[in-house]
Amino acid sequence: MSYPVREITFSISPRRWKHIWAGFLSDKLAVLAFSIFVFYCLIAMAAPLIAPFDPYDTALIDLLNAEIAPSWISGDERFLLGTDAQGRDLLSAIVYGTRTSLSIGLLAVLMQASIGICLGLISGYFGGLLDTLLMRCADIQLSFSNILIAIVLLAAIQSIFGLAYYQDHAMIMLVFILGLAEWPIFARTVRASVLAEKQKEYVDAAYLMGISQIRIIFKHILPNTISPLFVIFTIQIANVIVAEAALSFLGLGMPISQPSLGSLISIGFDYLFSGIWWISVVPCAVLMLLILVINLLGDVLKNHLNPRHYKD
Amino acid sequence: MKGLYFVLTLMLATVVSSYTMATHATTINTQTISTKATSAKTIKIALDHDPISLDPHEQLTEKTLQTSHLLFDPLLRWTQDNTLEARLATHWRNLDAHTTRFFLRDNVTFHSGNPLTVDDVVFTIERLKKSPDFKALFDNILTVKKVDRLTFDIVTKKPTPLLLNLMTYVFPMDHQFYQDKDRVLKFGKSFASYNVSGTGPFIVTKREQGKQIDFIRNPNYWDTSSKGNIGRIELTPIKSNSTRLAALLSDDVDFIHPVAPLDTKRLENTANIDLITLLSSRVLLLQLNQTKRAEFQDIRVRKAINLAINQQLIVDKVLKGLSKAAGQLSHEQFMGHVEELQPLYNLDQARQLMQEAGYASGFRVSMITSYGINAQVAQAIESMLAKINIQIDLKAVPAAQYLRAIDERSTDLLLMSWLSDTQDSNNLFEFLIACTDEKTGFGAFNTHGYCNPAIDNMINAANEELDQTKRRDLLQTIEKQLAADAVFVPIAWLHLSWAAKRHINLHTIVNNQNLYYLGDTVVSD
Amino acid sequence: MFVFLLRRLLQACIVMLIISLLSFVIQGNLGDPVRQMVGQSVTSEEVEKIRQEQGLNDSFFQQYGRYIKNALHGDFGESYFYKEPAFHVIMAKLPATIELTLAAIILTIVIAIPCGVFTAIRPKNLASHGIMFFSTIGLSTPIFITAILLLYVFSALLQWTPSFGRGETVSIMGLWESGFFSLDGLYHLILPSISLSFILAPLFIRLIRSEMLEIMESEYIKYAKAKGLSSARVYFIHALKNIMLPIITIGGIQIGNIIAYTILTETVFQWPGMGSLFIDSINRVDTPVISAYLMVVGVIFVFTNTLVDLVYGLFNPTVKLAVKDV
Amino acid sequence: MKPTPFIQICDLEKSFPLKRGLFAHLYQQQGYKNPHVHALNGINLSIEKGEALCVVGETGCGKSTLARVLMGLIAPSKGQIYYQGQRIDNLTHNERMPFRKSMQMIFQNPYTSLNPRMTIFQTLSEPVSFHNAKLTKEQVDDKVAELMLSVDLNPDLSDAYPHEFSGGQRQRISIARALSVDPDFIVADEPLASLDVSVQAQVLNLMKDKQQQHNLTYLFITHDLTVVKHFANRVVVMYLGQVCEIADANTLFTQAKHPYTQALISAIPRLDNNAITPIKLAGEVPTPLHKPTGCAFQARCHYANDRCRNEVPIPMQIDVSTLIACHAVEEERL
Amino acid sequence: MALLEVKNLNVSFGAKHNAVPVLFDISFILHRRERIAIVGESGAGKSTLGFALVNLLSKPGHIHSGTVKLDGTNLTTLTSPQMQKIRGKRIAMIFQDPMVTLNPVITIGKQMVEAIRAHTSINRHDAKKIVLEKLAQVQIPAPDIRFDQYPHELSGGMRQRVIIATALLLTPDIIIADEPTTALDVTIQAEILELLKSMCEENNVALILITHDLGVVSRVAERTMVMYAGRIVEEGPTLEIINDPQHPYTQGLLNALPQMTLAGHKLNQIPGSMPSLSDRPNGCAFHPRCQYAIEKCQIKQPNYIYSGISTVACHVLEDMISETSSSDSAFLNDGKDVL
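Just so you know, the sequences run in chain order A, B, C, D and E. Numbering follows the numbering used here, in which position 132 of the first sequence is assigned residue number 830; successive positions increment by one, without gaps. Numbering follows the numbering used here, in which position 453 of the second sequence is assigned residue number 1342; successive positions increment by one, without gaps. Numbering follows the numbering used here, in which position 124 of the third sequence is assigned residue number 217; successive positions increment by one, without gaps. Numbering follows the numbering used here, in which position 118 of the fourth sequence is assigned residue number 541; successive positions increment by one, without gaps. Numbering follows the numbering used here, in which position 309 of the fifth sequence is assigned residue number 686; successive positions increment by one, without gaps.
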């Protein structure tokens, strides 16, 4: 006796990313934050096109123009946001500073992510002594703050390469230092996901199919560990930018001739009591907004990628 | 389990506290003397840093000298209008070209109660000759001869026109107090760096390095004519300009130094706060390293750089008009000052000179500066030189590395400032202009590699020339020659700035060598 | 327990070794300590003499060997600036930093727990949105900006609070210089601890909130409700006790951050603690202090981590540290 | 001489160290004992071609460990495994490759046994193209479509992700994946545990069909005795890492000998006959860490005597197909 | 009067405008000391029903309409403090997984004592006495040791006993047991079921057993309700339903059990799977899987009718009955009222 086999109707639930995207669009704050972030990115990418002056071209800077207030106060239309103590157009400096800060943020986090993901995958998948060693290192490093580690690394690198070399390659060096400083966050998250994923039977199934371990790690496990990383990736960008700003504030970051937002603020702080408020306030506001926006994006991602909100 | 936590906590507490105690023991605790004066005032001072030692011979810096003026008295001292004033030496006379006789003040006692005698002065000058920092200055003094209890002769190797200037550095130390414990130690703890017995108006009661020094007035101070009414001083180092200013604005301190040029405008408009700025003889100059860069060997290039830099603009914009644009090294109060040498600025001519020299399209050079206001001046120079196509890779570095760069002559352009130790032009020439000589220390800061034997000879001659007119001629000739050769770019004579609550009467106590005699300060109610 | 402590000790040794190597690489390369110690008009001959005396001209390995040897005897070298054993210098500054962090932590706890719990149990409430908004702002403001703004507004403009230093300290049994027991000391503590907690509190508010939200979904919370327990008991006994675990863990990791934040806060407020000492030492190239600082921070890290693990064990009955040896 | 069994398991043991990490490692080298959890304790078993051998037992009895050791997912601590007479337990991942095609596994949880980030096509085509490198893209497509049809799934859905399917459908995909390499032998580790009753039937029927179609041999692990009765040819009852009883399915359900088997059978929730009251076992369920001495079951057994408490019973052949490890049965107290 | 009377209970998830109904028109009566079972596969809404009865639906869920009357008091309109007094005291609950039901960081004893003290003014000491007594009652050896232990120190079966003891502490009127044995081993399962049954009998407690296992139902419950996709499809005495299921779904469910089939034969299977609550088919929710489905099934939800054995919601059955015994219509009309 047999029943007529019917193809059962079932719903195809919307694809994961479509779902996230839809949830994202319905969140007004998220859209706002995202638009501002995109705006920042565009500005950073198109800095040479947008900035009215090239702040690195010292020939364009005239001390005669020093300390002009923003145009709505001074009426000087050449300098929308005014000029700094050197006569550099503040708008241009901020545009380029944003470019520097964002690049350092992105590149350093990319470096953190690549180191962290690789070590985390290896550590989580193979386990054993290597895992213990790597995670001890991660623990120790994580217990010190990124700024502290960066200061130490900075000093070490400066002493190895010499300060002059450091300043010439400050951006790459900072990326390197900040990239090294916080890989454990990625490594630990990846490792935790890998440990969880490794328990899942699809990994065993793949293994039983004879698929090589490298392929299992990268093709099967890695894609499943990605989503928490998006959140960390986003928030880390903010952290790295702040760390770079803090280093610059302490006088250890970008050189004065190629200011990042952090060094602009650091320079500006000397002017805080002097009445030339725009030199510090404007970069501060730009930095804070950037960090705020990235953190908000991190929150949004966290909410939408959370398995609790999105049932598998 | 809980017991364990207790033990752990206790262990931590013990470790920490034992060290706290240990450091306490090391803070100075001379006998506490109550102040007699009923009208005694307490003032709080915030400086950018505190003296590294209480030993007046350990380091030749403004901070040490300032402290020495509180704890000791010199034989002579500079007044506000840059003349010399007798202190522990009442008078003096030249016996011959090599010998000068000094007469000491009687009835002066040290903090320890010992009376001041010539033995103390002999001890002190001998010690100065051993100090690494002061050695070079006192090298010329052959011996100090004791004549009687209060009279002594100073014999020099060569005629020394600036002997009196030197005597401002002699702060007689209590030789009985320091006997056998008089080592000058740069690293490590010496007796003298923590224990003081001077003749000065103040006594240290508490010292936590990097945090605070407290002074109280010496009740047995010899100078009874002094109207000074400060009973107690609390001196705190505050490094950050903004925090220091905030401390003054929030009434936490009465007196700060320095004030960043930027903040002067704000203070001018603040009620109850006096801002004093004085032009000092500290000169800021840009050295062009001829050894390292062939381009700088061409006088046209050096001249062009001189012409391209607008000193007056730097002074107006960066230094807020408080400093003075310089066209030479010697400050106007110095003997070597040449009135005609004014800063030059002519961009067109500069460009033309560059073209003549074959560098119309310019070149790239490196430049090092220390942090702070120098870095801002450097940036201004950077953009000025960019206009004659000289591109600068500017680096601002911390002091320690800055000094290393000087020692190694590792940079093409160097921005540095120099204060004459003797209030005389020749000190500038000796260190900045003379050919580098490891042995004598001459040219130690000559990073431009300019070496002119003729000028060296003139420097040596001036050192021995007692005739003021001839000496003036010598010094002015050097200054003119340097200007003609465009060896370096003088930028400005920098200013000093203080801010204080009005009742401190700040204007009465500061001088342009950054010295203030708080012992004589009268604070109003 | 013994094994646990032994393990920690080993870990501490490894940490120390790494730090000592790092700090030594830095040493002598940051700049010239001798140059800083002498006045301007000193001959290079004299400088060279001092350098020789200090053993700064020896080879790297000689110096490192000497350093390790001395370190084993508890001697981390003498500060060039303070002319005292670097370790003593650090220890003298430690109480100030500990008190600052303690005040900030207390402030953080007082703010974060009620706010975090409230936002979790009333997520739709307007006040919750407000708290979350401010916590995001707080999280996004670099600590040096917060500190400078607080200093500017409350000290310079309003003159409500002191601007620098620790104020009057009271010696407790001669063991500890404390600012906790004088009005002036507490007064001085306000701004620095607020700016520290300005960055810590948002972090913990968010942590508590998300943990709380997660726990609220758990079976045992539902069960506690089904038993008819009052909401207060459910939230503050059943839920809070469980979120203590992740909070302790994250809190332990934050120790490192707090130490870094104290560097910035102390620099701005001229707080005479370890952090400002560290930055000053970097600028002064006082390398013995720099390496001693790193060592002490390393010890603090190992110590707090151990403590965190012990406390974790207290809160989590399923963790047993005392694995008996077989 | 008996013919070589299809799969032979000899004295299989598996234990897990309790402590891990650097310290435990050093510790052990110093000769200190690191306590181990014994998940399998000397298992002897043979599986004949074409049969469905069911392994039953409660949580923690080692049945899943048995499956994983058998498949080479974890290495045994001791003992040997033979596949058609060839020893396979000591092979490396690569050496084992030839056996991968003939031995496959179906897992318990259909929600975790499929990679959530791979479409069904990717999941199924990966082993197909991996083991048949020569196949063209079209051939792979065809093979995948064929596989999906064979488990009653519409091939049009091959581009969907696992979360778009129901539990039963996912389990069918798992079966299709196992079948994709045309195995002879399939280990099914509680494949029905997380499925609803109505869906269980679908999967069970499908497995039965495939057995007939492909002449498959099953090692079927379950805790549900009603399924065993329906599906198995032979049954292995395990308790705390040891085999209690091996018997034909019919024999087992009609005349179980071992006291534990009896208790298990009596505890089956029955629809029809509520007259059978479950045999109540004494005491607590021991964990593999705190294993009682003697017979593993003695602490809960009503028939235990001193011998049971001290001496481990040795499995004893009762008749052709029945094997029992019990002193009580041996002494004919039961 | 009935102890518990549920009438036309509708539960929805989500906000008003896009609310998804998850329970439809649930009505039933529970008498004192009665043991009833709610049977259904996962996703049928049986657990939701359990929580709806005590007003503990998790966040987006809410009671849309209908009443739950306990001794005449409508629970759906009570304020939360009022409801708090009911929960634990008059209606106790037992959850599925004893591993996660007890708070891991609080000792067994404290968790039980607090349950007493939440509803009575008994002091700690006396409460402990009651707790120890109840622990002994559920046959936990050495209750005084267990009292101070943490949940992880107990085995699964022990924990479920603790939970049963907790439920009995204040001798409630009703215990709602949500899959109390699913997470346990077979041998333990039987013991726990026996315990639950005997405890209810001894303490005069009514039991609502929520389960997917018909075998469990037959052992414990007197009456059974079968749920499918948020609706009760069949209700009646347990044995009758098992022996002669009326609804096609119940039939399919029973026939799919291996024990109903001869060994070696193919099992009867219901094609497809239960629809998710968010896209329930129109009409009778079961019609896409029903081999008897007629056109009407796709359009209209069937009403409840009494088949003579049980009350069923099925168009096909309704048609069959009205064809065969149209004279007996009065009997059929009664169907709805029975519920």
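No wet-lab data here; the hints were simulated from the structure. Warning: the hint list may mix true and false statements.
Below, a sample of chain E positions facing chain D; criterion: calculated Cβ distance under 7 Å [said to hold, decoys possible]:
1. Ile499
2. Asn500
3. Ile522
4. Asp590
5. Ile619
6. Gln628
7. Lys643
Here are the simulated EDC-like cross-link-like pairs (lysine to aspartate or glutamate), alpha carbons at most 20 Å apart as the crow flies [said to hold, decoys possible]:
8. B/Lys952 / C/Asp277
9. B/Lys1047 / B/Glu1354
10. E/Lys643 / D/Asp632
11. B/Lys1328 / C/Glu141
12. E/Lys643 / D/Asp582
13. B/Lys1018 / C/Glu141
14. B/Lys1100 / C/Glu307
15. B/Lys1034 / B/Asp995
16. A/Lys917 / D/Asp582
17. B/Lys1100 / C/Glu146
18. B/Lys1018 / C/Glu139
19. D/Lys703 / E/Glu571
20. B/Lys1019 / C/Asp277
21. C/Lys142 / B/Glu1354
22. B/Lys1070 / C/Glu177
23. B/Lys1276 / A/Asp755
24. D/Lys714 / E/Glu530
25. B/Lys1328 / C/Glu146
26. B/Lys1019 / C/Glu138
27. E/Lys436 / C/Glu307
28. B/Lys1019 / C/Glu146
29. B/Lys1018 / C/Glu138
30. A/Lys1000 / C/Glu139
31. B/Lys1024 / C/Glu312
32. B/Lys1035 / B/Asp1008
33. B/Lys933 / C/Asp277
34. B/Lys1128 / C/Asp373
35. B/Lys1100 / C/Glu141
36. E/Lys436 / C/Glu312
These numbers were taken from a predicted model, which means no experiment stands behind them. Just so it is clear, CB atoms sit at the ideal spot from N, CA and C, and this is done for glycine as well.
Hints, verified against the model:
no.	hint	in the structure
1	Ile499	31 Å, violated
2	Asn500	33 Å, violated
3	Ile522	13 Å, violated
4	Asp590	6 Å, holds
5	Ile619	5 Å, holds
6	Gln628	11 Å, violated
7	Lys643	5 Å, holds
8	B/Lys952 / C/Asp277	29 Å, violated
9	B/Lys1047 / B/Glu1354	9 Å, holds
10	E/Lys643 / D/Asp632	9 Å, holds
11	B/Lys1328 / C/Glu141	12 Å, holds
12	E/Lys643 / D/Asp582	31 Å, violated
13	B/Lys1018 / C/Glu141	18 Å, holds
14	B/Lys1100 / C/Glu307	48 Å, violated
15	B/Lys1034 / B/Asp995	18 Å, holds
16	A/Lys917 / D/Asp582	17 Å, holds
17	B/Lys1100 / C/Glu146	29 Å, violated
18	B/Lys1018 / C/Glu139	13 Å, holds
19	D/Lys703 / E/Glu571	10 Å, holds
20	B/Lys1019 / C/Asp277	46 Å, violated
21	C/Lys142 / B/Glu1354	33 Å, violated
22	B/Lys1070 / C/Glu177	18 Å, holds
23	B/Lys1276 / A/Asp755	10 Å, holds
24	D/Lys714 / E/Glu530	16 Å, holds
25	B/Lys1328 / C/Glu146	19 Å, holds
26	B/Lys1019 / C/Glu138	14 Å, holds
27	E/Lys436 / C/Glu307	13 Å, holds
28	B/Lys1019 / C/Glu146	16 Å, holds
29	B/Lys1018 / C/Glu138	15 Å, holds
30	A/Lys1000 / C/Glu139	63 Å, violated
31	B/Lys1024 / C/Glu312	82 Å, violated
32	B/Lys1035 / B/Asp1008	7 Å, holds
33	B/Lys933 / C/Asp277	16 Å, holds
34	B/Lys1128 / C/Asp373	9 Å, holds
35	B/Lys1100 / C/Glu141	31 Å, violated
36	E/Lys436 / C/Glu312	14 Å, holds
Going through the hint list in order, the structure does not satisfy hints 1, 2, 3, 6, 8, 12, 14, 17, 20, 21, 30, 31, 35.
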